[in-house]
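Student: Can you make the complete structure from the sequences, with help from the hints?
Residue numbers (the numbering used here), protein chains in the order written: chain A, 675 to 786; chain B, 66 to 177.
It is worth saying that the hints were derived from the structure and are not from the lab.
Below, in silico cross-link-like pairs of lysine-lysine (DSBU-like), each with a Cα-Cα straight-line distance of 35 Å or less:
id	chain 1	residue 1	chain 2	residue 2
1	A	716	B	143
2	A	745	B	122
3	B	107	A	732
4	B	162	A	732
5	B	107	A	689
6	A	742	B	122
7	A	716	B	122
8	B	162	B	107
9	B	107	B	143
10	A	731	A	679
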Amino acid sequence: QQQVKQSPQSLIVQKGGISIINCAYENTAFDYFPWYQQFPGKGPALLIAIRPDVSEKKEGRFTISFNKSAKQFSLHIMDSQPGDSATYFCAAADNAGNMLTFGGGTRLMVKP
Amino acid sequence: EPEVTQTPSHQVTQMGQEVILRCVPISNHLYFYWYRQILGQKVEFLVSFYNNEISEKSEIFDDQFSVERPDGSNFTLKIRSTKLEDSAMYFCASRAKQETQYFGPGTRLLVL
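Tutor: Structure below.
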């Protein structure tokens, strides 16, 4: 019940295209959903986060869409750039804001 | 911009030896975490620490593991008797009252 399932495992997108990564969760106690970006040899860095009281949040080229009834959320990267090439992790936490449960990660490659 | 720092960046040890991984969280943060990431796999929660005590721990965090905040700035993870399967990247994270956890660059531990 604590799992967060993420897909796809890897994604190749042309420069300027839209990258879409999906996550699904089971635990209805989760109420905080961040996305982290990780470059090789670095720690995960927070990209954008959402709470379930909104269905969408946009920050620049990054948008989270959230579907509470389906227990799914997704990251959209508009106008994808080669510098976006990294591993992306979705995560979830419960109301205590304590431990993060991570998805399996998506390795994104944006081709020039 | 303040950041979480970790030392050492790499650690090689023999099976059965004790290792101590060190972290300096962001100075005004109150909540501290350790996560690990086995090569190619997802980030997994180990333990959280608040007000000088463990607030939550995963099943990975068995009796071989311990955490300590020996002074006002450091946060350490000790593995008493390392096993081959402890080889992983270990990330420290910290947060203030809001949910955002900031991750350090990690310590890559290799147990031979």
